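Colleague: Sequence:
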Amino acid sequence: MRLALLSLVATVLAKNAAVYKNVDCDVEHWGQVLSLQDSILNLADDIGIAPFYNVQEADRLSSLSIGKCTNAETLYSANELIIVINGVENPQDFFNGGAEAVYEIDIVDDRQANKFKKFLNGISSKLSQLEKGNGFNLAKLSNEITLFTKNKATHLEKIWDRYFHDDEGTKVEKIWSELKQSLVGVSSNDNDDSAFILNKRSLNHINDESFIKELAQLDFFLNDKAESLIEGDKTFIYLDSLVAVYKKTGASATYEVCQRVMSELISDKLSHFNTKTTIIALPINQELMTLKQESAASAKSALGKRDNSAQVNLFKSVGAGCFKSEEACIDSTDSCSSHGVCLNNGGCWQCVCSATKENKSTTHWTGSSCEKIDYSSQFNLLFWTTLVLFAAIISGVKLMYGCGKEDLPGVLLAATIQTKKST
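Residue numbers (the numbering used here): 207 to 629.
Bear in mind the hints are in silico, worked out from the structure with no lab data behind them. Predicted model, so just to flag it, every value in this text is computed and none were measured. Be aware that one or more of the hints could be misleading.
With beta-carbon atoms standing in for the labels, derived distance ranges [to be verified]: (1) ASN320 / ASN480: 50 to 56 Å; (2) LYS321 / LYS364: 35 to 41 Å; (3) SER531 / LYS338: 56 to 62 Å.
Straight line, CA to CA, 25 Å or less: simulated BS3-like cross-link-like pairs of lysine-lysine [to be verified]: (4) LYS356 / LYS332; (5) LYS346 / LYS377; (6) LYS346 / LYS475; (7) LYS386 / LYS475; (8) LYS604 / LYS578; (9) LYS453 / LYS419; (10) LYS453 / LYS321; (11) LYS419 / LYS604; (12) LYS563 / LYS578; (13) LYS323 / LYS346; (14) LYS380 / LYS364; (15) LYS321 / LYS332; (16) LYS475 / LYS419.
Virtual Cβ for every residue (Gly too), placed ideally from N, Cα, C.
Taking the hints into account, I'd like the entire structure generated from these sequences.
Modeller: If you want it as structure tokens, here you go:
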């Protein structure tokens, strides 16, 4: 069984969205370039929701057969697995170049990328409408995994509630620990001397809860539950945690390790899988990538403007807040406590803190590892407000006291004296 890559090319920053499929048959028309509309029609036909789309809207009818098997026989079971991975830096290289592109399509901007995501998000509901009277049900195990099955999947829902929705999270920790051990020493490309090798230290850098929970669910499902599905079942898995990791760390070593971990896990599990599988890797939105790059550039600029003498003293002693490498910075600061990124400035790697938002409130962080809440802005606001109010009160009291000591005007003074005499 081999993986065939259906690559959706985005002209924005030369990033591609990509769809990988298990192929055990001959496929024609490799290397074609399709429009976004044709790719949607192609995948809709593949997944079984073609009745919702008009084939006459295709830019090129021949595009609908691209990536399809030319022979009728297949070794696959009737089950189907669809995995969507959002936030991949280079989707066409997600499996390290091991799959050949079947076709490509231009995605001009984020608007088209969002249109494609909308299509993917609507797959399960469209299938539900088509099979409403045939005994199929939608079972949502979590935000990541949805089943389209003839079974009610009550037992799986109970397992997910106990293992992955429990506040203690002991099952997630156990699966993640075992998964890390199995990945130590794995190389991204055995034929390349410069291959990316996963090691214990790089894996220990990963501390994003959403990523760990997603990987634990994916590993558990592909290990123990996927083969137990009955004929005709479809499973949709939507993985979005790479976006969360990128938002925190940018294009860092930790983000790269997370991508490699996810790709190695999927590749390993699917090599023992006899289910028709479609894997769709989506690139990072242009807006988010631009925002992160501008943030990093701004942080570097801010570091560069610091007093040169202070920098020299800081860089001479590789101590608190200053490290010789990005890996040392990430390892020692726990990825800047997930509140910033490690940036290089003049040979010194140190944390540059960023603000976080939660429930519409913004929190600023400080410290050598961004571990402390920065109350300086609140303190300055409170201090100067109190000072101004105090000064205003004193001025008001002095004004009132001064008014009481001043002599009345002549007319009022005469009236006051006359009133006293009459009494």
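Colleague: Would you mind marking each hint as holding or not holding in the structure?
Modeller: Hints versus structure:
1. ASN320 / ASN480: 50 to 56 Å: 34 Å, violated
2. LYS321 / LYS364: 35 to 41 Å: Since LYS321 and LYS364 have Cβ atoms about 37 Å apart, the given range 35 to 41 Å holds.
3. SER531 / LYS338: 56 to 62 Å: Roughly 57 Å apart at Cβ, these two residues keep to the hinted range, so it holds.
4. LYS356 / LYS332: Holds, at roughly 16 Å.
5. LYS346 / LYS377: 19 Å, holds
6. LYS346 / LYS475: 22 Å, holds
7. LYS386 / LYS475: Judged against 25 Å, a Cα distance of about 15 Å means the pair holds.
8. LYS604 / LYS578: 43 Å, violated
9. LYS453 / LYS419: 17 Å, holds
10. LYS453 / LYS321: Holds - the C-alpha atoms of LYS321 and LYS453 are around 22 Å apart, at most 25 Å.
11. LYS419 / LYS604: 65 Å, violated
12. LYS563 / LYS578: 15 Å, holds
13. LYS323 / LYS346: Roughly 19 Å between the alpha carbons, so the hint for LYS323 and LYS346 holds.
14. LYS380 / LYS364: 19 Å, holds
15. LYS321 / LYS332: 16 Å, holds
16. LYS475 / LYS419: 17 Å, holds
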